[in-house]
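Let the hints inform the model, and build the full structure from the sequences given.
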Amino acid sequence: MSISLTLVLQLIVNGLVVGGLLGLVALGLALIFGVIRVVNFAHGEFITLGAYLTWLIAGGLGLSPFIGIPVAFLFGALVGWVVQVLFIGRVMERPPLDSLMMTYSLSILGLGLFSFFFGGDFRSYSAGPNGDLRLAGVTVGLRSLSVLIVCVALGALVIMLLRSGRLGLAFRALAQNRDAAASCGINIRATERLAFSLAVGLAAVAGALISLIGTTTPGVGDDWLLEGFVVVVIGGMGSIPGALAGALLIGLLQSILGYALDDSWAKIITYLLLYLTLLTRPQGLLGSAMEM
Amino acid sequence: MGSLSRRRFLGSAAGAGLLGIAGPRTAHSASTINIGASLSLTGRFSDSAKYVEEGYRLWEAQTNDAGGIGGSQVKVTIYDDQSNPDTGRVLAQRLIDRNGVVAILGPYSSPITDAEAVVVERAQVPLIGTIASDSSIWARRNLKWTFQAFPSSNYDHEGFIKIVKEKGEGIKKLAIIFEQSPFSIAGKDWAVSYAKKLGIPVDAYGYAPGNQDFRSIIEHIVNSGADVVSMGGYYQPSIALTRQMMERAFNPKGYQFIEASDGVTKDALGANAEGIFGRSAWEASTDTPENKAFVAAYQKKYNRKPSYHSASAYAAGQLLAAAIKAKGAKSEAIRDFIATSSVDTIMGSFKVNDKGQQTGYRYLTIQWQGGTQKIVGGNSKTAAEWPKPAWK
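Chains A and B, in that order, are what the protein sequence lines are. The numbering used here puts the first residue of the first sequence at 1, with every later residue one more than the last. The numbering used here puts the first residue of the second sequence at 1001, with every later residue one more than the last.
Keep in mind the hints are simulated off the structure, nothing from the lab. Each residue gets a CB set at the ideal place from its N, CA and C atoms; glycine is no exception. Keep in mind that the hints are not guaranteed to be accurate.
What the hints assert, rightly or not - Listed next, the in silico EDC-like pairs over lysine to aspartate or glutamate satisfying Cα-Cα at most 16 Å (straight line):
| hint | chain 1 | residue 1 | chain 2 | residue 2 |
| --- | --- | --- | --- | --- |
| 1 | B | Lys1292 | B | Glu1219 |
| 2 | B | Lys1050 | A | Asp132 |
| 3 | B | Lys1325 | B | Asp1344 |
| 4 | B | Lys1392 | A | Asp121 |
| 5 | B | Lys1374 | B | Asp1344 |
| 6 | B | Lys1172 | B | Glu1121 |
Stated by the list, open to error - What follows is a set of in silico ranges between Cβ atoms, one per label pair, in the way DEER data are often shown:
| hint | chain 1 | residue 1 | chain 2 | residue 2 | range |
| --- | --- | --- | --- | --- | --- |
| 7 | B | Ser1224 | A | Gly165 | 44 to 54 Å |
| 8 | A | Leu5 | B | Lys1355 | 48 to 58 Å |
| 9 | B | Gly1210 | A | Gly112 | 17 to 27 Å |
| 10 | A | Leu5 | B | Gly1225 | 13 to 23 Å |
| 11 | A | Leu86 | B | Ser1224 | 19 to 29 Å |
| 12 | A | Leu142 | B | Asp1203 | 23 to 33 Å |
Here it is as structure tokens:
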């Protein structure tokens, strides 16, 4: 097997695209776990929601799939708000297993609804940018490039939001100590709703981007969710920098190992890494306490 | 009673009654022949399975309108297996026990056919695998009552490789991509051996079921210098592969994905569908009187063109009708007829080997040309477009 510098660069670019999408998924999971302390099994369905919305916009209405990105974010955020108010918020004070079962039930419900309304077959559209960008022998398609740009931009925006401003401060305060945050005058319920809403919006954007480079089925979100969980565990549950670092690590690892060995081995090694992390560093690579 | 005690006899009879076990299976009454099917009317296969139902219903209506088979009307009972093999297995048992069917028309997909085979082999009721291309179902065990009635997956790449041999002078290498599932592996094995026999250099690349990321495989293919690609997996990963090849600006001279004959290929790929090859179990344009009559009847009933799913379902009905007409409505007689006879259907001339695998008709090769799919290769008058136009 000959490996040139161009090939290595190509594999890195390929890994960054997958890593970017994983980062967006993991960002939402980490935000929900960090702020609300809920493991959100329904996150995959919010990804699917964004994918179907974009399919309806691009495949149904014949508009640009890029319109699907803000629409998915806004609609996803709205759905997230409603779900937090009607379901998750109501079991927050109960034992953790209740919220776990609640998100699991929502996941099953979502899967059923998508199957009912869209059927089992996958959906796809041809609209969107075609063509590619070539630099130093490395080729990246315009769709993949768009995905990468949106992921980086959103990741940067979320980090900025968390590091500065009152909302970021409220998120971080809740992540560190819920009671102390409440005693400081932070509106706990509103902050939790905003965190969940933002996370679901990000998941829906991930779905919109997945539909741009892939296909959409009722289970498309769940395919990404499992790896999203792997990323947040390796990066550190509830840690935003950890989620992003974990996503890049897994994206690159799968791209390089997928080439050097094969995709099955890339998966096996990824899950071995998860196992080793849980054994030797259960707080994850970058997680100390609730690091946001 | 011989050596059978009264208590034992009554026990056996009661047990047989409870389990719904009767003697040799025949039609319920002289005027009705009971046939059954489980179909994926809901769940992930529902979009395609509804076309199978339409094919069965059209055959049932036409047969009854023509006076039935041997004077007996046909009744096809269809249950919803929810796209679930386990449910299909339960429903096959129900069709046999409660509905007293003499034969079962196949469900949608190979996995559900595989599941139902377990039931029909035990109950000794023939099952016609209408939409079961996976020949490994028959290769890995000895099935006596289950028959494939679809072109075998072993020949998934055959038509395309013939075109590569004919048109692809000077090609460097053929890359075959396959899913690590029995049907796709069988197709790959046959294709690699066939390509080598024709003197075509060939590499094969496997991927895990469910995988949608083909970037690593594409890099391997690019680096190997292969300039012709044939994908032997399902439709969804095939679209993902095609998209990723476009994103990588990898333009093979010839490209097939076996499911490309699905009409939605154009929706998914737009103008980039041009030049892509696929294989098709059946085409509406096949020029035989029986096929034309089927297409016309279907269009009249459903107001649109039939898909291969409906054609295959209709052909399964034709096969069953031929068996009942020749040997009567008894399960064993139907089985014997199907196992040993050649029957002309709208799919072609049906025939099975001693394993129950269909060997009579094979896939047609199609290519997307000018926004529609055309039959190319074989006896077709339409020439294959070669090389494939570059991605747009």
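So, going through the hints one by one against the coordinates:
1. A hinted pair counts as satisfied when its Cα atoms are at most 16 Å apart, and Lys1292 of chain B with Glu1219 of chain B does not qualify at roughly 45 Å.
2. Restraint check for Lys1050 of chain B and Asp132 of chain A: the C-alpha separation of about 40 Å exceeds 16 Å, so the hint is violated.
3. For a cut-off of 16 Å, the pair hint linking Lys1325 of chain B to Asp1344 of chain B stands: about 14 Å separates their Cα positions.
4. Proximity of Lys1392 of chain B to Asp121 of chain A is assessed by CA-CA distance (about 26 Å); at most 16 Å being required, the pair is judged violated.
5. The hinted pair formed by Lys1374 of chain B and Asp1344 of chain B fails the criterion: a straight-line CA distance of about 24 Å is larger than 16 Å.
6. For the suggested pair Lys1172 of chain B and Glu1121 of chain B, the alpha carbons sit about 47 Å apart, so the restraint of at most 16 Å is broken.
7. In this structure the hint that Ser1224 of chain B and Gly165 of chain A lie 44 to 54 Å apart at CB holds, the actual value being about 52 Å.
8. Remark: the range hint 48 to 58 Å for Leu5 of chain A to Lys1355 of chain B is upheld by a beta-carbon distance near 52 Å.
9. Between Gly1210 of chain B and Gly112 of chain A the CB atoms are about 20 Å apart, so this pair conforms to the stated range of 17 to 27 Å.
10. A beta carbon spacing of about 19 Å between Leu5 of chain A and Gly1225 of chain B agrees with the range 13 to 23 Å that was offered as a hint.
11. Our hint of 19 to 29 Å for Leu86 of chain A and Ser1224 of chain B is violated, since their Cβ atoms are close to 54 Å apart.
12. Checking the proposed 23 to 33 Å range against Leu142 of chain A and Asp1203 of chain B shows it holds: the Cβ atoms sit about 29 Å from each other.
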